[in-house]
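2 protein chains.
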Amino acid sequence: MTTEELTARYAILAEGSFNPRDSKTANAVLRFIPEAAAALIDSTQAGKTAQQVIGYGGDTPIVSSFQETLKYSPNRLLIGIAPIGGELPDEWRIIVLDAIGEELDIVSGLHTFLSDDEEFKLAASANNVKIIDLRKPPTDLVVSEDRWRERSSYVLLTVGTDVAIGKMTTLIQLMDFLRASTLNSVFIATGQTGLLLTDKGVCVDAVVSDFIAGSIESEIMKVDNDFDLQLVEGQGSLFHQGYSGVTLGLIHGSMPDGLLICHEPSRKVNDYGTPLPTLTEAIDLHKAVMKPFREVDIIGVSLYTAELSEDKALTAIKEAEEETGLPADDPVRFGSAKLGNAILNTVGSEK
Amino acid sequence: MTTEELTARYAILAEGSFNPRDSKTANAVLRFIPEAAAALIDSTQAGKTAQQVIGYGGDTPIVSSFQETLKYSPNRLLIGIAPIGGELPDEWRIIVLDAIGEELDIVSGLHTFLSDDEEFKLAASANNVKIIDLRKPPTDLVVSEDRWRERSSYVLLTVGTDVAIGKMTTLIQLMDFLRASTLNSVFIATGQTGLLLTDKGVCVDAVVSDFIAGSIESEIMKVDNDFDLQLVEGQGSLFHQGYSGVTLGLIHGSMPDGLLICHEPSRKVNDYGTPLPTLTEAIDLHKAVMKPFREVDIIGVSLYTAELSEDKALTAIKEAEEETGLPADDPVRFGSAKLGNAILNTVGSEK
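Residue numbers (our numbering), protein chains in the order written: chain A, 1 to 351; chain B, 1001 to 1351.
Bear in mind the hints are in silico, worked out from the structure with no lab data behind them.
Watch out, some of these pointers could steer you wrong.
[As the list claims (entries may be wrong)] No more than 20 Å apart at the CA atoms, straight line, and that leaves these computed lysine to aspartate or glutamate pairs for EDC-like: (1) B/1136 / A/116; (2) B/1287 / A/281; (3) A/291 / B/1284; (4) A/287 / B/1281; (5) A/136 / B/1140.
Start from the sequences and build out the full structure, keeping to the hints where you can.
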């Protein structure tokens, strides 16, 4: 995390939507950098704390208006949800303008870029504040140049049997464990939420599709000499017909040395009703798409077990290990040691 | 083809680049709608005909400047190449402005949209001409809604062991044969060159990557009730690390009933030096990525044999049939009957 991120204090706008499901961007701040959460705006929950509503985020207060956040000294306004279609709701425009008037920088992960809005642009310029569109792609996009062959760091990518199954969360959980090792590790974000947590990476789903592979290859090569291990956030799934293109572009653009497979044992179908694969099927297909290019280590399985009792979660972990012969764990629930050591053992033996 | 395309007369700009390889957009016009080619601009080849340089395109004259094209009465200027990076070379700006001054519409397949250029926009408005950016995506992009299950037409997609291996050409060759059958067929373009030849389709490599699958699904569903058979132009290759994301998005967005595999027997590596797969490996990987969703007919193999003697081409066709057990042919060289009948037999038996 850069100094800038560490000193960020977010007023988080999640009006009418703060809950475990819909406020994905807000929730990532509360889970991973709660010290950066000054206050949340959701008038339907005002008076509660984040902890009371979503089970984490501690004492972060929920208030009913932007004005009320000011006593918590925010320096940024974060658009905390991603509405369908990726556009800013009309009734939020005035809040953004108020925040700019109070000299807060604006941070947004919407597909519609707030920094291109004429009214916001003028206001930001008059108040000397920045509008940061997390999804805005770099202006110097290039197609892949197949540069992985000259790489010296080990690249680990998370992939999943479905979307929203822990590909980012797994890596963030593992970072602390890996930072305590002798390996010099870095997290490379590929989505708007991940980019709240680091300044390294690119929001691949917002890149023109000819440049998917090239965009992540560039980000990886930029820091190749500075790190031993790059943890690249996966996107989508080869088993999700809506976003599989992003997934394969990311796989071939990062050309990973190793994969961690993310899976939710109790989820049976994706959001289109298509059955999820078994872990064996998922491993086979990922090996198959990598085979024309290189061998890939399948390092382990990260399970999302929040919906299961602890007993059932432990059983699911044991079953995953028996099915795949790989280490499996839920790093959010049971800690990072097992999967972290699996990574260290694999990378250590390769270096 | 619409009336508008049939009456287009293109002055084709390919300065310094007119040859069998680099002027892909120019060459598609010369191969498929040569009656629409008024003249070519390439001062390094002035005085020759298209036929003399690339082996087709008939008497289309090559001249050294835009001014010289005027005696051939063009009504559009076509940017005939796709330079690396997809931007307009600086020295071509004046040619575009001259053409606008002469009231020619401008047609471009560049990634950089000429219709967004302030100077071109003003000039076009003053001269009442259109700037058509073939690659510009629709403004109403949606993510996939998994609508293939409600489809009534048969969707055939070309896929390849590499890029630039005949995925568009194969379908255009087959169209005449299929139009003579009782099946009502349509060609759906997915690249800027294909979009020169039809008004149906979308340039998928220029779509923001979250929308690859949704963009082609929309185009297919728009005409589903009007046709029995949709021939969808493939893009990229699962075996090309630069563009495989576009390829898989297109495969899962179109969710084809059948695939035609395109291959060049004499090509050993892709443009990154990665070995091309065998036909068996290509068929297996395409079946594998489709398996989570549906069964797919592998209809046949379209070979690109231009680099081989006729004897060697016939041997390559025989070997492809023996390896795969499927009908194989080079429809450009030996006609459309074999692959066309393979399609009719498959689609006929399904309808």
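Here's how the hints hold up against the structure:
1. B/1136 / A/116: 19 Å, holds
2. B/1287 / A/281: 13 Å, holds
3. A/291 / B/1284: At roughly 12 Å apart (the allowed maximum being 20 Å), residue 1284 of chain B and residue 291 of chain A satisfy the hint.
4. A/287 / B/1281: 13 Å, holds
5. A/136 / B/1140: 19 Å, holds
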